[in-house]
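S.K.: In order, the protein sequences belong to chains A and B.
Residue numbers in the first sequence follow UniProt numbering, run continuously in steps of one, and reach 339 at the last position.
Residue numbers in the second sequence follow UniProt numbering, run continuously in steps of one, and reach 339 at the last position.
A few of these clues could be false.
All copies of an identical chain are treated as equivalent in the list; a pair is satisfied when it fits inside any one copy or across any two copies.
[Said to hold, decoys possible] Straight-line Cα separation of at most 25 Å, DMTMM-like style, residue types lysine to aspartate or glutamate; simulated pairs:
(1) Lys141 with Asp226
(2) Lys323 with Asp121
(3) Lys336 with Asp248
(4) Lys141 with Asp114
(5) Lys31 with Asp315
Source of the hints: derived by calculation from the structure; they are not laboratory data.
For clarity, every value in this text was computed on a predicted model and none was experimentally measured.
There are 2 protein chains.
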Amino acid sequence: MLQYLGYENSVITLILSTLFLALWNMWPTKKWDPRGQFCYVTGGSSGLGLAVAIALTKRGAHVTIVARNEERLAKALAELEKTRQSSNQILRSYSFSLTDADASHAALETAAKDHGNRYPDAVFMCAGAARPGFFVEEDAKSMQKGMDNTYWVQAYTALAYTKQLVRSQTSGKLVFTCSILGYMSLIGYSTYSPGKHALRGLAESLRSELILYNSSVHIMFSGNIDSPGYVEENRTKPKITLEIESTDKPTAPDVLAKELIYGVQRGDFHIAPDMLSNIIRSSTTGATPHHNVLLDVLYALIGWIGLPLWRRGVDSTVLKHRKEHKDYLAARGFFKSTD
Amino acid sequence: MLQYLGYENSVITLILSTLFLALWNMWPTKKWDPRGQFCYVTGGSSGLGLAVAIALTKRGAHVTIVARNEERLAKALAELEKTRQSSNQILRSYSFSLTDADASHAALETAAKDHGNRYPDAVFMCAGAARPGFFVEEDAKSMQKGMDNTYWVQAYTALAYTKQLVRSQTSGKLVFTCSILGYMSLIGYSTYSPGKHALRGLAESLRSELILYNSSVHIMFSGNIDSPGYVEENRTKPKITLEIESTDKPTAPDVLAKELIYGVQRGDFHIAPDMLSNIIRSSTTGATPHHNVLLDVLYALIGWIGLPLWRRGVDSTVLKHRKEHKDYLAARGFFKSTD
Numbered sequence: 001m002l003q004y005l006g007y008e009n010s011v012i013t014l015i016l017s018t019l020f021l022a023l024w025n026m027w028p029t030k031k032w033d034p035r036g037q038f039c040y041v042t043g044g045s046s047g048l049g050l051a052v053a054i055a056l057t058k059r060g061a062h063v064t065i066v067a068r069n070e071e072r073l074a075k076a077l078a079e080l081e082k083t084r085q086s087s088n089q090i091l092r093s094y095s096f097s098l099t100d101a102d103a104s105h106a107a108l109e110t111a112a113k114d115h116g117n118r119y120p121d122a123v124f125m126c127a128g129a130a131r132p133g134f135f136v137e138e139d140a141k142s143m144q145k146g147m148d149n150t151y152w153v154q155a156y157t158a159l160a161y162t163k164q165l166v167r168s169q170t171s172g173k174l175v176f177t178c179s180i181l182g183y184m185s186l187i188g189y190s191t192y193s194p195g196k197h198a199l200r201g202l203a204e205s206l207r208s209e210l211i212l213y214n215s216s217v218h219i220m221f222s223g224n225i226d227s228p229g230y231v232e233e234n235r236t237k238p239k240i241t242l243e244i245e246s247t248d249k250p251t252a253p254d255v256l257a258k259e260l261i262y263g264v265q266r267g268d269f270h271i272a273p274d275m276l277s278n279i280i281r282s283s284t285t286g287a288t289p290h291h292n293v294l295l296d297v298l299y300a301l302i303g304w305i306g307l308p309l310w311r312r313g314v315d316s317t318v319l320k321h322r323k324e325h326k327d328y329l330a331a332r333g334f335f336k337s338t339d
Numbered sequence: 001m002l003q004y005l006g007y008e009n010s011v012i013t014l015i016l017s018t019l020f021l022a023l024w025n026m027w028p029t030k031k032w033d034p035r036g037q038f039c040y041v042t043g044g045s046s047g048l049g050l051a052v053a054i055a056l057t058k059r060g061a062h063v064t065i066v067a068r069n070e071e072r073l074a075k076a077l078a079e080l081e082k083t084r085q086s087s088n089q090i091l092r093s094y095s096f097s098l099t100d101a102d103a104s105h106a107a108l109e110t111a112a113k114d115h116g117n118r119y120p121d122a123v124f125m126c127a128g129a130a131r132p133g134f135f136v137e138e139d140a141k142s143m144q145k146g147m148d149n150t151y152w153v154q155a156y157t158a159l160a161y162t163k164q165l166v167r168s169q170t171s172g173k174l175v176f177t178c179s180i181l182g183y184m185s186l187i188g189y190s191t192y193s194p195g196k197h198a199l200r201g202l203a204e205s206l207r208s209e210l211i212l213y214n215s216s217v218h219i220m221f222s223g224n225i226d227s228p229g230y231v232e233e234n235r236t237k238p239k240i241t242l243e244i245e246s247t248d249k250p251t252a253p254d255v256l257a258k259e260l261i262y263g264v265q266r267g268d269f270h271i272a273p274d275m276l277s278n279i280i281r282s283s284t285t286g287a288t289p290h291h292n293v294l295l296d297v298l299y300a301l302i303g304w305i306g307l308p309l310w311r312r313g314v315d316s317t318v319l320k321h322r323k324e325h326k327d328y329l330a331a332r333g334f335f336k337s338t339d
């Protein structure tokens, strides 16, 4: 009897200490506060970027949004004005094409002018776009455009901002937004996944390097976002990819914006906004810092078994699609073209 | 007593079945034979590429090597001739700049002419280069060059080859060569890791997509290679990165070439040529197919504990380097420049 009690006690102790450690890890120790901070948000005119800008404005930050489309920028700025917390908050919008290195640099310099040539305390890189398609229907130009709209649109801003930080001997926060397609990939994403994987690589290199300058790096890996960009990407998305994703429900931008800011506040390097992204994060963690070690073990175990099963399902769906795909390519004249 | 025997028996059964499963997984079921196959090797004039070309020639394949430097190509072709197994083997070399999309296409078309306009049975993409450095000392041009020499130098060949395969309705093998810096990263590799991560993303997308065409994708993740390229990259490698890597011993190209070909023969998607790369592979596996599930669990466990410990060590080395790095940047005039 005693030994059973002992066994039960051990189990209870184990559960309690697990819970304690789990809660301990979740407890914000030195929470970053956006109030009064100068936050720079790219892709800030719509989707996730706009949601992040609104959330930061609501938390009392000075917010500058940058995007290409002037009309959408004006509307977005009007929305920010509506959520302003005080008359002191500096809210601005600028139109720049961030797939260009010089423009990415100029955009930051312009934004800094509104703050007495001080650079942002945090840069939220939310710009990006996906144009899914079949690899055999891509060409060098569409592949390069894919890399521009996933990788360079954030990397150029990161480069300009890091130089400004180090040169002005201040510290800051680089916040990248990636995708679970930066952890893994599937049919249809040959112009998207490479750039998103590249962002993971850049962030991992910079996390290590920016220790030199007391600056931090964060990167969020989310699933599909319920945004104008998602509607746009589904127009070119192959039918087979849509079929595989048919059970996915895109997440609302404001939910992701909240998770992104929480992640930065907690100081997470990899920010996973929901259970699925946590499972994939923990299953591809490598040398990346763990979050809560105990929860991560659980996620990794689920991923270890679940992800290969999911992949087998996808593989067999692709295999069944062979005949239809050949007909599709023939109808598009692929077998007659010569590029 | 009986229960102890039973326990021992269970353990023995467990060990035996583990060993059986491990051996079963290692056993090549339908081994690819390079003999008589048309193999195309990029970066084939030196380092890993040349070693792969020699190994394939020794196994009786027709081998075409492509690289930029004509002098080195001529020497390499002479080496291939020395290892020729029969007079029927077609051994060729061509000079093309594979960071260019059109040249990558033209190189494959030229090679196909020697085989009656038949495209290669397997393409080994071994071209690539690293120029490590500090992120704040990079510019848009050096970042783009980094992407050219890691990602595009293989992606353009993959694009041209896949189109040719699908259009000619044949099947083939795409073999990428990546690095463990495509799984993780550290200080000094901001122009290298992104492109290598991008290759992982591309390969993962194509593995899924090329099921449509009965073609296979393989990608090797190796550590440093004892090659002319390694000597070259160490010239620009930051001192701190050299210090972190000081215990690494680069692997001989012929050892890696052998492992690469074994991996392709076994049909592995991710090819890890040694224990360290297997540990990192298993720790970042995600939805990527497992190799031997039991061995992979062991590798993943080692990685789960070991890799974060290694990273902490690296982080503290970087932290200690702050003062020296600031002096270095000052001496280079970084704080006075304005780019």
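S.K.: Using 25 Å as the alpha-carbon threshold, which applies to Lys336 and Asp248: within, between, both, or neither?
M.R.: neither (36 Å within a copy, 51 Å between copies)
S.K.: One pair to classify: Lys323 and Asp121, alpha carbons no more than 25 Å apart. Within, between, both, or neither?
M.R.: So Lys323 and Asp121 pass the 25 Å test across copies only (23 Å; inside, 54 Å).
S.K.: With 25 Å as the alpha-carbon cut-off, assign the pair Lys141 and Asp226 to within, between, both or neither.
M.R.: neither (28 Å within a copy, 35 Å between copies)
S.K.: Quick one: Lys141 to Asp114, C-alpha cut-off 25 Å, is that within a copy, between copies, both, or neither?
M.R.: So Lys141 and Asp114 fail the 25 Å test inside a copy (37 Å) and across (29 Å) alike.
S.K.: Check Lys31 against Asp315 for me: Cα-Cα at most 25 Å, and say if that holds within a copy, between copies, both or neither.
M.R.: between (43 Å within a copy, 22 Å between copies)
Consistency with the previously given hints fails for numbers 1, 3, 4, ordered from lowest to highest.
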